[in-house]
Structures are given as structure tokens and as C-alpha cells.
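Asker: Each chain, written out:
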Amino acid sequence: MRATPPAESSLPSGPGLHLANVTVSFPQPRGQFQTVLDIGQFDIAPGASCGIAGPSGSGKTTLLHVLCGLLTPERGIVQWGADDFASLGESERDAWRRRNLGLVFQDFHLVPELSALANVLLPFSFGTPRPPVGIAARAREMLRELGIAEPDRRAALLSRGEQQRVAIIRALLPRPRVLIADEPTASLDRANADVIAALLSEQALALGATFIAVSHDPVLLGRMDQTWRIESGHLAPAQAGA
Amino acid sequence: MNPLPMLRADLRSMRGTALIVLLLVALAVAIGVAMGAQERAIRRGSARAADHIDLLIGAPGSQTQLVLTSVFLQLDALPLIDGALLNTLANDKRVAGAAPIAFGDIVAGYPVVGTTRAFAARWDRLAPSEGRLFAREGEAVIGADVRLTLGSRITPAHGARQMDAEEEAEHRHDGVHYTVVGRMPRTGTPWDRAILVPVESVWETHGLGNGHAHDDAPIGPPFDARRVPGVPAIAVKARAVADAYALRGQYRTGGTMALFPAEVLVSLYSMLGDLRDAVVLASALNNLLVFAAVILLMATLASLRRRRYAVLRALGAPRLYVLAVIWLGATALLAAGCVLGLAVGWGASLLASAVIEARTGLHLVAAPGWSEVVLCLGLIGAGGLIALIPALLSYRIEVSQALRG
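The listed protein sequences correspond, in order, to chains U and V. Take 1 as the starting number for the first sequence in my numbering and just add one per residue. Take 1 as the starting number for the second sequence in my numbering and just add one per residue.
Hint data in this document are derived by calculation from the structure and do not stem from the laboratory. Do not rely on the hints blindly, as some may be mistaken.
Covered stretches of chain V, as calculated for chain U (at least 3 residues, CB under 8 Å) [to be verified]:
1) 177-185
2) 318-325
Counterexamples of contact, computed for chain U against chain V with all Cβ distances above 10 Å [unchecked claim]:
3) P29
4) I77
5) R97
6) L101
7) E113
8) A137
9) P151
10) D152
11) A193
12) S232
For every residue, glycine included, the Cβ atom is placed at its ideal position computed from N, Cα and C.
Using the sequences and the hints given, assemble the complete structure.
Answerer: So this is what it looks like as C-alpha cells:
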């Protein structure tokens, strides 16, 4: 169960990430604010992979949303290559995600009423350009390679492992420049988790995508170029062997 | 941008709700549509029924009652006018034909109407489809919808309404019999349910003589008895339109009432129209209320699906895409409900027409009309507008917050 690398395996690397002085705080009762994210500097080289570990409530999801442009920090710089989120409006950030980002959620978030195939093709219905010719055939091929035997079966009827594979194909099919995964293996059993971990890191490599995964999974983290730890909103390189 | 796949998924995910919404909207719309269609059908059908009688002369009283009784055969006791007027009219140069419309009896629920051969043939406009017209006392020609066979012998019972068989038997005029000798073609009017007999027989049944000087006189005018029995109504055919107006003017006063059935209908229609307008307005307001409730439901649903839409946004869907999905979903439901309502409304009108026809013999064609289509389009337009509310609310979805759910 292994996807063949895309034909153009030596794609240019995805954009690097530059985060500086980013803070996010949420309002609390009694008019106070709680800082949930406070990052001095965080850089990832173009095409590199980076794991982020940390206990729940440490600000992982907040960081991830900031990286995806879903959440605008009060201050600080969030830059992907030449794209500075601060200078992009909400619609432009939607477009940025559409063109550059492959996103994988812990809970897959497939549309349960749609077939596996329709789910992976769904992002192609968002944008203005028409879906590329032959995309459906490529989607079917990827689904078959990843062991989804019935691509026309409704997503709700697939096993959890299958659902996550479908979600990953949904993220990879547009050949994203950036791949971000939020606990992609946490909802899976060990065997499935290993498959998914391998799949993600191999595909990111094959696409040359810059890959960030928030995860507790040592298998997945072990496949990353570097691992950072987040704790109470502060980000620091993880100790070796952590 | 192609929101259709997601739209399909959304509709599928709320199948149950969608079905209820569809039926709710359809029912609300159907009421207005049915009212409009039915009112038009009644107007057309009744106007056609009134075609057979240009001018009616009766005793002073309710014009509406005279028309209802003589044109629509909704029998009621009417005051009588002097039968001698029949002869006066027959000798009037402006009159092409004058015939009594006399009733008082029924057979198996069908009214027995006494008149002349000329009027039975509607002044030569109709010929019997079976058999022949009555030629002497004791013969009857029946309307197309009367369930009797040619040659059957019937006994009238005194009464004006439908009675059950037992009651009818009690009021039977024993010794009076008619033989059915012919059947008239269908006219689509209540007269299709009438049993037409010589007016002489009706007079005689009620002990008024036969209207002629001799007992064995042939039927029909002139009625040369010293005292011609009274009749409830006289149908008059004028030679020219001007004559009809002159006759109406003349017989409006002096112990009689003259009217064009059409003019009475027009005043009835205006009342009916006002009523229709009120009901249609009320039902349109009702529809808007139903729409508002539906939209509220859709807004609630959309809010419950915040996360689903936030996922789409996280995957790169623009806000407009989410707006389109929600708007199309709500609008599609409302529009489908309206179209279904149009069909149900017309169907209801068809059904109501059939019931009315069965009761009165008035043939109603509940044809789909543009006014209902326009009403429906207007409702769809209004629905589309208010469906923008939940759609626009989706702009306020905080993607990051909604994803944390």
C-alpha cells in the first residue's frame, strides 16, 4: 500500500516558513486576555519537514491555524516564501490555501455524504480555474494505489484508516507546496498510523512540499527533519531523543 | 467555482428536514394557488352556464336568487309572475322567444323543470343526442347527466332539494308520470342534471290547469287559458341587443324584475374576486411566514454545520462558495416547494371542480393559469431573497473557532 511518487519527482521545493514575534491571546471572562501563543522566531527551510509536539492545550492547534492563515495573530509576521499573511485579506488567504496548502485533520473531516472520489475532488470545485483535465482519473488511480477499493462508496461507510487515506489524497491531489497535518495518526490504530506516517512523509518529499505535522506520534516525528516542542504557547527545538 | 457537489451533499445530509420543508412550503403555496385557480374556474364555468339565458324576468325579489334558481337550478321557492306575461312577450316584436322556467318537483334528486320545446332546445341551439324532445304532456327529455334510461317512467315528488328515497316517496305526486323520450347533449351546466317536461304538466301536477283553453290542446304557446297559471321565471331571447336592453328596462318595473344573468354574475364575481383577493393575500402572507420559519430553520442548520463549512474554508473554499452552497440549498428547497405547491394547488382545484360538478352539474375547467405561475415565481423570488439571510450569516463563521467545534 504505497503511492508511487508523482512523475515529476524533482519538483522545486515548497516555500520556507518565517514566523517572528507572533502572539495570539483569547479573551477570558472578566475582560482579561490569556496569551495562548507567543513565538519569538520560528523558521523552516523550503521543502523541509518539521514535527511539532506538545501536550494538549499547549497552543498547538492555535499555531496550526496561524500557519494556515485561519487565525490572524495580534502581532507578528507569518510568511510563507514571499507571501506575507499580514498583507493578505481573508479571501486572498482562502486563495493561498487553495493554491498552496494540503491540509490533513486528526478527524479527517470528509464530507460523509459524498463518495471517496467526490471528497478528493471537492477542493477542485472551490476555485475559479476549471479542474485540470484528467484529475478524476488521477484521483481514482491514487485511491486505488492507497487501497480504497470502492472509490464511489460514501465516505461515511469507509473504515477510519481508509477515511484518513482519502483525506490525505484530498490534500495531496492538487500537488500542494505546503503540507500541514494536525495529529494525522492520533485517531488510528498503530498499523494504520504507521502507514499514514510513512505515506505523508514520503509524499511530502516526493512533492518537495514543506511539511509540518503537529503530532505525538514518535513514528511520525521520527520521520521529520526536525522536531519542535510547544508548551504554554512557547515554541522551542525539542531535545534530541524527546 | 462549482458548489453543486457540496449542495448535493448538504441536501442529502438533511433529507428528512428537506422533505418536511418541501411539504410545508408546498402545502402553504397550494392553498393560494388552489383559491386562485378555483375562483377562475367558477367564474368561467358559471359564465358559460349563463350563456343559455339572455334575459330573465321574474317577480320582484332577490336578483341573485332568481339567477341561482333559473340558471344554476339551485331551487328555491320564488314568488310567481303572472303567466299571461308569456303571451304578452310572445306577441312582442322585440322578442324572438319567451319560455317559462317552472319547477317545484324532483325525481331521484334531479329537478323537474317545466318549459317549452323551444327552450328545451335552447332556441334551436341544441338537438337531443338520443331520442326526441317532449311532444305532449307526460313526456320528459333529460339532461346528459341524468342517470335514467330512455323509456323509463318516472313519478315526480314535490320538493326543491335532494331528499332521500324515503322522503321522496312521501312527497310523491301519485298518479303523475312522465316517460323519458329523449336525452339532451352535454352543456356543462347544471341543466345537464335537469329533467325537462312541458310546463303544462308542471302546472297540472300542482292543480293549476294546463294553461290552455282546452284540456287536449297541444303543448306550448300560445297559452290561451282565461287565467294562465303563474311561473317563477321567464327566459327571454331578444331579437337584438338593443331590444334586450329595452325589454329589461320595460320589465324592471311594474310588478316584475328583469335582468341579464351575466350582469348579476358580474356583481357576484366582484364579490367573489374580493374574497379571492383577500384569501390569496392572506395565503401569500402565510407563505412568507412559512418561508421565514423555514429560513430560520435553515439558519439554525447552517449554524449547526459551522464546522462542516469551516473545513471547506480551511481547504481553501472562498466565503462565496460557502454562501452559494447555503443559499442554493435554501432556495432550491423553497423553489421545489413552490413548484410542488403549484402542482398540488392545481390538483386540489381539479378535485374541487370535480366535486362541484358532481354536486351542481356546473362543468368547471380548473386550467392552470398564469396568475398562479406568477404568484409562484414571486414566491420563489421572495424565497431567494430571504434565503440570503442564512447564506450571508455564513460570512461570519470564525473558521478557527468553528474547527475547534
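Asker: Does each hint hold? Answer for all of them.
Answerer: Now for the hints, and whether the structure bears them out:
1. 177-185: Not satisfied, violated; 0 residues make the cut.
2. 318-325: holds (count 3)
3. P29: At roughly 17 Å from the nearest Cβ of chain V, U/P29 sits farther out than 10 Å, so the non-interface label holds.
4. I77: Given that every Cβ of chain V is farther than 10 Å from that of U/I77, nearest at about 18 Å, it holds.
5. R97: The claim is violated: U/R97 sits with its nearest Cβ about 4 Å from chain V, within 10 Å.
6. L101: With a cut-off of 10 Å, U/L101 comes too close to chain V, as the shortest Cβ separation is near 7 Å.
7. E113: violated, 4 Å
8. A137: The claim holds: U/A137 sits with its nearest Cβ about 17 Å from chain V, beyond 10 Å.
9. P151: Since the minimum Cβ distance to chain V is about 14 Å, U/P151 lies beyond 10 Å and the statement holds.
10. D152: Given that every Cβ of chain V is farther than 10 Å from that of U/D152, nearest at about 13 Å, it holds.
11. A193: holds, 22 Å
12. S232: Check passes; 18 Å lies beyond 10 Å.
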